[in-house]
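**Student:** Take the given structure of chain A and dock chains B, C and D to it, following the hints.
Protein chains: 4
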Amino acid sequence: MNKNTAILVIHCPDQPGIVTNVTKFIHDNNGNVINLEQHVDRENVRFFMRIEWELTGFNIPKEKISDYFETLIVKNYDMKWRFYFSDYKPRMALFVSQQMHCAYDILSRYHAGEWNVEIPVIIGNHEEVKTLARQMKIDFHHVVITKDNKAEQEAQQKELLKKYKIDFLVLAKYMQVLSDDFVSLYPNKIINIHHSFLPAFPGAKPYHSAYERGVKIIGATGHYVTSELDAGPIIEQDIIRINHTDTIRDLIRKGKDLEKIVLARAIYSHLNRKVSVYKNRAIVYR
Amino acid sequence: MNKNTAILVIHCPDQPGIVTNVTKFIHDNNGNVINLEQHVDRENVRFFMRIEWELTGFNIPKEKISDYFETLIVKNYDMKWRFYFSDYKPRMALFVSQQMHCAYDILSRYHAGEWNVEIPVIIGNHEEVKTLARQMKIDFHHVVITKDNKAEQEAQQKELLKKYKIDFLVLAKYMQVLSDDFVSLYPNKIINIHHSFLPAFPGAKPYHSAYERGVKIIGATGHYVTSELDAGPIIEQDIIRINHTDTIRDLIRKGKDLEKIVLARAIYSHLNRKVSVYKNRAIVYR
Amino acid sequence: MNKNTAILVIHCPDQPGIVTNVTKFIHDNNGNVINLEQHVDRENVRFFMRIEWELTGFNIPKEKISDYFETLIVKNYDMKWRFYFSDYKPRMALFVSQQMHCAYDILSRYHAGEWNVEIPVIIGNHEEVKTLARQMKIDFHHVVITKDNKAEQEAQQKELLKKYKIDFLVLAKYMQVLSDDFVSLYPNKIINIHHSFLPAFPGAKPYHSAYERGVKIIGATGHYVTSELDAGPIIEQDIIRINHTDTIRDLIRKGKDLEKIVLARAIYSHLNRKVSVYKNRAIVYR
Amino acid sequence: MNKNTAILVIHCPDQPGIVTNVTKFIHDNNGNVINLEQHVDRENVRFFMRIEWELTGFNIPKEKISDYFETLIVKNYDMKWRFYFSDYKPRMALFVSQQMHCAYDILSRYHAGEWNVEIPVIIGNHEEVKTLARQMKIDFHHVVITKDNKAEQEAQQKELLKKYKIDFLVLAKYMQVLSDDFVSLYPNKIINIHHSFLPAFPGAKPYHSAYERGVKIIGATGHYVTSELDAGPIIEQDIIRINHTDTIRDLIRKGKDLEKIVLARAIYSHLNRKVSVYKNRAIVYR
Numbered sequence: 001m002n003k004n005t006a007i008l009v010i011h012c013p014d015q016p017g018i019v020t021n022v023t024k025f026i027h028d029n030n031g032n033v034i035n036l037e038q039h040v041d042r043e044n045v046r047f048f049m050r051i052e053w054e055l056t057g058f059n060i061p062k063e064k065i066s067d068y069f070e071t072l073i074v075k076n077y078d079m080k081w082r083f084y085f086s087d088y089k090p091r092m093a094l095f096v097s098q099q100m101h102c103a104y105d106i107l108s109r110y111h112a113g114e115w116n117v118e119i120p121v122i123i124g125n126h127e128e129v130k131t132l133a134r135q136m137k138i139d140f141h142h143v144v145i146t147k148d149n150k151a152e153q154e155a156q157q158k159e160l161l162k163k164y165k166i167d168f169l170v171l172a173k174y175m176q177v178l179s180d181d182f183v184s185l186y187p188n189k190i191i192n193i194h195h196s197f198l199p200a201f202p203g204a205k206p207y208h209s210a211y212e213r214g215v216k217i218i219g220a221t222g223h224y225v226t227s228e229l230d231a232g233p234i235i236e237q238d239i240i241r242i243n244h245t246d247t248i249r250d251l252i253r254k255g256k257d258l259e260k261i262v263l264a265r266a267i268y269s270h271l272n273r274k275v276s277v278y279k280n281r282a283i284v285y286r
Numbered sequence: 001m002n003k004n005t006a007i008l009v010i011h012c013p014d015q016p017g018i019v020t021n022v023t024k025f026i027h028d029n030n031g032n033v034i035n036l037e038q039h040v041d042r043e044n045v046r047f048f049m050r051i052e053w054e055l056t057g058f059n060i061p062k063e064k065i066s067d068y069f070e071t072l073i074v075k076n077y078d079m080k081w082r083f084y085f086s087d088y089k090p091r092m093a094l095f096v097s098q099q100m101h102c103a104y105d106i107l108s109r110y111h112a113g114e115w116n117v118e119i120p121v122i123i124g125n126h127e128e129v130k131t132l133a134r135q136m137k138i139d140f141h142h143v144v145i146t147k148d149n150k151a152e153q154e155a156q157q158k159e160l161l162k163k164y165k166i167d168f169l170v171l172a173k174y175m176q177v178l179s180d181d182f183v184s185l186y187p188n189k190i191i192n193i194h195h196s197f198l199p200a201f202p203g204a205k206p207y208h209s210a211y212e213r214g215v216k217i218i219g220a221t222g223h224y225v226t227s228e229l230d231a232g233p234i235i236e237q238d239i240i241r242i243n244h245t246d247t248i249r250d251l252i253r254k255g256k257d258l259e260k261i262v263l264a265r266a267i268y269s270h271l272n273r274k275v276s277v278y279k280n281r282a283i284v285y286r
Numbered sequence: 001m002n003k004n005t006a007i008l009v010i011h012c013p014d015q016p017g018i019v020t021n022v023t024k025f026i027h028d029n030n031g032n033v034i035n036l037e038q039h040v041d042r043e044n045v046r047f048f049m050r051i052e053w054e055l056t057g058f059n060i061p062k063e064k065i066s067d068y069f070e071t072l073i074v075k076n077y078d079m080k081w082r083f084y085f086s087d088y089k090p091r092m093a094l095f096v097s098q099q100m101h102c103a104y105d106i107l108s109r110y111h112a113g114e115w116n117v118e119i120p121v122i123i124g125n126h127e128e129v130k131t132l133a134r135q136m137k138i139d140f141h142h143v144v145i146t147k148d149n150k151a152e153q154e155a156q157q158k159e160l161l162k163k164y165k166i167d168f169l170v171l172a173k174y175m176q177v178l179s180d181d182f183v184s185l186y187p188n189k190i191i192n193i194h195h196s197f198l199p200a201f202p203g204a205k206p207y208h209s210a211y212e213r214g215v216k217i218i219g220a221t222g223h224y225v226t227s228e229l230d231a232g233p234i235i236e237q238d239i240i241r242i243n244h245t246d247t248i249r250d251l252i253r254k255g256k257d258l259e260k261i262v263l264a265r266a267i268y269s270h271l272n273r274k275v276s277v278y279k280n281r282a283i284v285y286r
Numbered sequence: 001m002n003k004n005t006a007i008l009v010i011h012c013p014d015q016p017g018i019v020t021n022v023t024k025f026i027h028d029n030n031g032n033v034i035n036l037e038q039h040v041d042r043e044n045v046r047f048f049m050r051i052e053w054e055l056t057g058f059n060i061p062k063e064k065i066s067d068y069f070e071t072l073i074v075k076n077y078d079m080k081w082r083f084y085f086s087d088y089k090p091r092m093a094l095f096v097s098q099q100m101h102c103a104y105d106i107l108s109r110y111h112a113g114e115w116n117v118e119i120p121v122i123i124g125n126h127e128e129v130k131t132l133a134r135q136m137k138i139d140f141h142h143v144v145i146t147k148d149n150k151a152e153q154e155a156q157q158k159e160l161l162k163k164y165k166i167d168f169l170v171l172a173k174y175m176q177v178l179s180d181d182f183v184s185l186y187p188n189k190i191i192n193i194h195h196s197f198l199p200a201f202p203g204a205k206p207y208h209s210a211y212e213r214g215v216k217i218i219g220a221t222g223h224y225v226t227s228e229l230d231a232g233p234i235i236e237q238d239i240i241r242i243n244h245t246d247t248i249r250d251l252i253r254k255g256k257d258l259e260k261i262v263l264a265r266a267i268y269s270h271l272n273r274k275v276s277v278y279k280n281r282a283i284v285y286r
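Protein chains in written order, with our numbering: chain A, 1 to 286; chain B, 1 to 286; chain C, 1 to 286; chain D, 1 to 286.
Isolated chain A (complex conformation) (with noise of 0.2 Å):
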């Protein structure tokens, strides 16, 4: 919090001296290190890097700095980048549905201050959260999606996300499928919460399915959306015991909190820069 500090998130082919390179620029301009983690993912031989550092008496001015690293750096080793300041507020677009779990948990959270973010837009198929919305200053806008009218509205939503200047989306149990064309506006930027175990129990009615299967563990996945249902890169996960006592109805409420507590630590890791993507499978920071 009030920090004000510089965060890289990088890969790149593996070789030696990375970590080297990366520090010296930082250490030589009058930087201090504040948290780094590296690793080297030896299967695909991928070198992964997050580095933060405080700015104050930093030698290169910030608007400079990302022009300066990728000269200096970037290009010597074919990097995959991305560059942060602790001080922007990512905005956020929240997606409802009429299941209004998780969305009361993240607007209490807002309400809080409990993280960096800023939620201009709140966009739903219902007028449940409106009211509430329009206590926290958050624009809410009915789109109503149905089998005929999905791309006219999916524009529509595509302008307010424009306008509103999101930077990511959170499908907050937002229950519709978004069309390939949309998903590819936000790669690695839209974030899902499944109701289930991922891979176990992919698609509709993960809940009854358990039941059905007779498993002693339910889960919930947060994860990015891509053009594949359920299948996107996974960012956190986790569980809760279950038993041969709990209906269907158990398992949906006991899930429920689940999934509030899994999507709020995928949108926490999300916001503080500790995501980075590679063939599908997320590597997030501590």
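To be clear, the hints were calculated from the coordinates, so they are not data collected in a lab.
Zero decoy hints are in this set.
When chains are identical, the list treats them as one kind, so a pair holds in a single copy or across two.
Listed below are the simulated BS3-like cross-link pairs for lysine-lysine, each with C-alpha atoms no more than 25 Å apart in a straight line: (1) 24 with 75; (2) 205 with 279; (3) 162 with 137; (4) 150 with 163.
**Tutor:** Showing chains B, C and D alone in chain A's frame:
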């Protein structure tokens, strides 16, 4: 331990009065109930119960209880039932491969007298366990199954199971698929450990698949073997968190500990007559 | 939900025949048992049971069941018993401070109709929740307790509880110690959430202590309040793993999620008449 | 496995440039970093790092690395440091009692070659393990400690540890308190398993205390032994849910499985040079 009790595990279509009549049967004959668990599966309108009572002072002689219960109770309720005495030691056959961690764990417990079980025979396609078996005075039979000799080798295994009066089988990382014919001889009496959180990642190499998919949690499942691979009733499951620094080797290492604990718990529940199966779901009493 | 059932929660010195006689009482009067859990605490030779049956068609009128049960059963067994109707909505008072995460979570559930509960009043030493309370049509009373006015302020609180016909209290991070006198008015009817895995780290600042001690897991405990601080019967506990990169701030953040889930589970068990207390231990039925 | 790497585990007062200079030292001498974890403890303004690099092709000869590192780096940072080669097999002494579950588990792993460790000697106050030790070609010494002979028996144990060139000790349910004098010879080199979730229930009979207190979860703790009983740095903890139907016997049974897994994980972390201790807190690298 050292108990002298009778255990009934029953299920039947739900209707009023079952608990009363079963407990009355025991109480009227001077039995003291020390454990009773019942529940009704509303979905299937089915009643389930496990009841255990002390035999000391019970009016009906041990050898006649079963007969009396069938006549006085079972017929009135279209009841599926199993009846056990706690002073009987179930006889278990251990099937092993060269992956010995589960087998070692089971044999340690056996040696320490942790379970009420008799293990007269180990059957393996590797001789790794031979010395240890000899020390524990357990017979070891080396049965190697290939594509060509499966029928005859299974015939030999069946002979052994008969000879040793085996009540149930444990596949401790046996890594072989039993024929349908074999499985049908031991319904809900063959316990297998699968190294994933079923129904996720059935079949071969689940840790590799888990790594590929980038899950944040891996699991293990102890289940009864049915003719459909990895689809039998689930007795026990547990999980452990993993992270992006874990290689497939790490998943295998972490998973091994899960596998042995989950298999041990499944065996414990089976041994204590705490498992009841209906429509491919295992009810596991406390 | 929408159930019309009766619930008995009993315990008494163990002796043969209790299950039979209680279920017979229900069965003979045309009641259908839909839930029965019983167990015997061997240590204390004590019998515990929770039984629920449908009232539709039950021969004894609602208002006389309690009387009949006492006469016909209770006296014979020196029984402690509580009797409930599931169509009654328990009335809960919510005590809050400026730490609002648990209160928000409870109010979200209330708003969504997740629980069978009535919350007529919130009592707080901060006015943070006032607006939200008004929207939900819950009265809010601002009661600030200092060293000097504790007695009179508690007197006012007691008045409010009487006026609103409160059945039980939830201290949602209330951060105040109630006087013994107050506590004694609501035995096993005041639920508190403590932000540690009790009995580890009772009292103030448990996250700081957890950090100092270098534990690898933190917890939260939902318990009934007794005169001894943080020593009442434990209804629910859960934990989350932490690591050395977590600061005290991180522990607080991670702990908050635990606190709200654990408190919610404890309230759920209480509301559904699933908790029984004997010798400061809480029996929590499934 | 089969690795030829060097490992540095360091901590020192935090200041800019440490990462750069340490990685530069390795990189400039042609070493390839394959693992680096670092973090800063803001509370104590202290820098922690574990770094591992491949020795193949490294310019500085193995026997001189330590010397060079001390001269070039350590002195500039007031650094605490430990230096290891991964091709060295740490030598472990196993201390056992008649409670054998942890010892069996460790020996199974040893037999299976799961760990990079040498166990030349087992020391026990019971002879239970003697046969098994002999088969594994591990020397067994029977050392019985009573009130009267503690000093001389510990003297004998110290002799044995010297003779077998022991690097670290594992107390696998040893159930004896070592003298301060003994402990001080092996700082952060004696691993104990305590059968509770420390700091809850230190000392004797934690399962009995857990039962009395009515906790809903039990735990186990693997920690380094210090002069204060059960108060040393915590390496690993885990828990398992229990319920009111569990007797003390059940807690002991369920706890045993926890104990062996938690102890094994603590040993694994120690063996892989992943533990660093500062102010009685254990930093455990991934």
